[in-house]
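With the sequences and hints as input, model every part of the structure.
There are 6 protein chains.
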Amino acid sequence: MRGLVIGRYQPFHNGHLEVIREIVSDSDCSSLILAIGSAQESHTLLNPFTAGERILMIDAALNEVGIKDYFLIPITDINRYAVWVSHVESLVPPIDIVYTNNSLTERLFKERNYKVKTPKLYDRDKFSGTKIRQMIIHDENWEMLVPKSVSQIIKEIDGVNRLKDLNKVI
Amino acid sequence: MRGLVIGRYQPFHNGHLEVIREIVSDSDCSSLILAIGSAQESHTLLNPFTAGERILMIDAALNEVGIKDYFLIPITDINRYAVWVSHVESLVPPIDIVYTNNSLTERLFKERNYKVKTPKLYDRDKFSGTKIRQMIIHDENWEMLVPKSVSQIIKEIDGVNRLKDLNKVI
Amino acid sequence: MRGLVIGRYQPFHNGHLEVIREIVSDSDCSSLILAIGSAQESHTLLNPFTAGERILMIDAALNEVGIKDYFLIPITDINRYAVWVSHVESLVPPIDIVYTNNSLTERLFKERNYKVKTPKLYDRDKFSGTKIRQMIIHDENWEMLVPKSVSQIIKEIDGVNRLKDLNKVI
Amino acid sequence: MRGLVIGRYQPFHNGHLEVIREIVSDSDCSSLILAIGSAQESHTLLNPFTAGERILMIDAALNEVGIKDYFLIPITDINRYAVWVSHVESLVPPIDIVYTNNSLTERLFKERNYKVKTPKLYDRDKFSGTKIRQMIIHDENWEMLVPKSVSQIIKEIDGVNRLKDLNKVI
Amino acid sequence: MRGLVIGRYQPFHNGHLEVIREIVSDSDCSSLILAIGSAQESHTLLNPFTAGERILMIDAALNEVGIKDYFLIPITDINRYAVWVSHVESLVPPIDIVYTNNSLTERLFKERNYKVKTPKLYDRDKFSGTKIRQMIIHDENWEMLVPKSVSQIIKEIDGVNRLKDLNKVI
Amino acid sequence: MRGLVIGRYQPFHNGHLEVIREIVSDSDCSSLILAIGSAQESHTLLNPFTAGERILMIDAALNEVGIKDYFLIPITDINRYAVWVSHVESLVPPIDIVYTNNSLTERLFKERNYKVKTPKLYDRDKFSGTKIRQMIIHDENWEMLVPKSVSQIIKEIDGVNRLKDLNKVI
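Protein chains in written order, with the numbering used here: chain A, 1 to 170; chain B, 171 to 340; chain C, 341 to 510; chain D, 511 to 680; chain E, 681 to 850; chain F, 851 to 1020.
Hints in this document: simulated from the structure, not taken from any laboratory.
Incorrect hints may have been included.
What the hints assert, rightly or not - Simulated coverage check for chain F against chain D, where a stretch passes if three residues somewhere in it have a Cβ under 8 angstroms from a Cβ of chain D:
1) 902 to 910
2) 914 to 928
3) 938 to 947
Unchecked claim - Partner residues aside, some chain A positions facing chain B, computed with beta carbon under 7 angstroms:
4) Y70
5) T76
6) R80
7) A82
8) L104
9) R107
Glycine is no exception: its CB is placed at the ideal position from the N, C-alpha and C atoms.
In structure tokens form, the structure reads like this:
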């Protein structure tokens, strides 16, 4: 039973990790497919990191907590929702169940007769990509909100300065 | 004399029908081409219905009132206005006149030397796609604003629930 | 029960008309959707006519023989077969059955659980788009192979000279 | 030593000219490449003029002040910043230095190890494309803000009326 | 030290596996990135399997022989070689070395100053995607040329019949 | 009176130069627009050089013979002939006359009511891009077939080795 979860992961944070842990422990999902959405995006305030950089972060974060045997697959946006499920299907191994809290993703997969489950929501006030990106820009205490390996990689790839530069764009 | 009219028709409503009636009775237009714009769009609050669903609705609505002999043609957006008229020209039979209330459409066709006519404006406060989509979401009395066959098709394709789901997307 | 048939129709000829007649008389199909493939193509030896020109020809040809109540819809190529069925689905009214002699089209729709029927093959040696285009170029007796309204339109839009010019391209 | 400067130039104004003068007199730049960004855009309030029209304006403006020996190259947007520098590199002669006040452009070229210089900023309150386009729409005194040849060309191509029409679009 | 190897893997065969084993044992490569090229392609004689199906096959094949700790990343074609290296870079973790026998891939990465190594060539007469696809179509003894898990998956996803159907397309 | 001439210029050779000289001396053309087609292509046997490299070569070659006051503009392929003229129009200054020996280009511009002139054909057996690229690969005496500045630039950008590498691709 393969389960799919999709996110942009800009960056991957502890809230995401909580969801992954929940899915991995779900008996409906024996194999996890982690799709990285908006894979073509990078170098913007909304999507600062490339797909490759996000793959590196997530792989390290999952290794850190001992989660193995997952597929980590970048998905470029297609911007035509009527064909989007087919687009995803073509890029990932066959899936049996979809995990999402996004009502559009839920709608689209349900219209294609997929089983969809809604993971418990983590604390969105605390764990939010938008908020973490702002904290990085303003040198606030963001590192505790992401896995240790993620903060290391962000610093290694000069991600803090990249975000600060992007924040200067008018 | 073939006349072109372009709309997104999300959904097709009685205001649109009024315009079509006016064009059909115009002596400058003996054959009507109804182009469905943003054909690639669907499953968003702005464009909930696929081009195919919109074609189905419009065809039924025109049959309902006895209008025949029209072309019903989906046009995908091209997002380069300098080539947009050529794009439309390539997808529809040769046109002699364009009917539009949109000043950009008017400008673009006039720069290509087309005759452009401005239909009388229907009551935009009453008949508005945006407003009708909101009324569908909130179970208000929207059905009287669209042809009977349109409301039937929207319900058959589960359009009411689709709009409600799309409205939940953050 | 809506039935779909797809072709490039470069140009629409009597063999195509034979297939349409067979489908129209099939009790499985009460409403016909005629999709015009490679809609973005024109001005090549393989695809000389624009989608709009082809729509004009087919509409006239079907009127000529009294066939009514069909949808005539241009479909641009998407060149990703894994999403192609979804692409078609989004542009046409919901379909119940597909008519095709092309084994790829058959395969793709069957993988999406569509019922597919194979129309009787017309005489392909006689009725062939490729052959008719060559006959037009060489002023051979092509007009008897297409409906009368099609040959009229080809001449009206200067199609004979267009094909001759395209044939000169190295 | 070839230097690159990129702008949308909607339209080219005296502030742009000031920057070009500064670059041309910089000893690091013996040959100037003027890239015209968002080349695919036209007929919008933000980007009213085609790339071809902008090329015409800039060429005339530089001739007016005696600047010669530059490359004037349209660059379409690619909307994937990770490949954007490669995209630009493929369309222009090899470059040695980049001049920009845009922190994203600076970031992207620096990540590719280019030398980047920041030209002195002209008076942005006075010379601003956005402001000049509004002044054109409202028949205010915009002509003194652009080179004489630019205002002539804008009037010749009916640019004033185009902007006024675009301003009516809802 | 991350090493990149790119292939279409239609399907993944024992020759590919030989190359992977060689790279994995190379001291220059401590982490392997396996990029799956032409990821958007499927359902053609040249590229019968989707990227997702190929990911499934390769993952199973590498597990079969005990190779772990690799990235398996689909790369869609971009068809502009001048930006292709940037395209790949954006989708994979940072790479230190590229393994390839393709002189274009070698040229493109060398122009971007990458270290490129040429793996020993496996027996191309025996192990060839083209040949294996033909053997599948003609029910010849192809299963011994691919890892056991690959032949199982091809049969599970009805890949043999898919290839036979694609072979009928004129 | 602006005249347009389009070519791929892979590379720019003495036959091209002959045509340019003829156009420049034509009284119908007081300003020359040199469009560089297939601008997105590079690193293939058919199109080895980037648009930027070709611009550099042509500019140097025209300077070499004292031709001034031309526009040198890259045009990416659009692969939809019905909109191709609009695409070109949007990227170049307004044109009054088109010079071409290609019957498709002639057809397309004539369908848009442009005046088209056919330059005298240079010796195509001697001056042929295809032949010159083969001569470069095989170290034959190609340099006498191109302007001196073109052969210098090809060598400076390592173009000879690039072509030899591309020739090895299977």
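Here's how the hints hold up against the structure:
Three residues within the 8 angstroms Cβ limit are the bar, and the segment 902 to 910 of chain F against chain D gives 5, so the coverage statement holds. Against chain D, the segment 914 to 928 of chain F contributes 5 residues with a C-beta closer than 8 angstroms to a partner C-beta. That satisfies the three-residue criterion, and the hint holds. With a threshold of 8 angstroms between beta carbons, the proposed coverage of the segment 938 to 947 of chain F by chain D holds, since 6 of its residues qualify and at least three are required. For Y70(A), the suggested interface contact is broken, since its CB lies about 26 angstroms from the closest CB of chain B, more than 7 angstroms.
Hint on T76(A) is violated. Least Cβ distance to chain B is approximately 16 angstroms, over the 7 angstroms limit. This hint holds: R80(A) has a C-beta 5 angstroms from the nearest C-beta of chain B, less than the 7 angstroms allowed. About 5 angstroms separates the beta-carbon of A82(A) from the nearest beta-carbon of chain B, less than 7 angstroms, and the hint is met. At its closest, the beta carbon of L104(A) sits 5 angstroms from a beta carbon of chain B; the interface hint therefore holds under the 7 angstroms criterion.
Look at R107(A): its Cβ gets to within about 4 angstroms of chain B, closer than 7 angstroms, so that hint holds up.
The structure fails hints 4, 5 (numbered hints given earlier, in ascending order).
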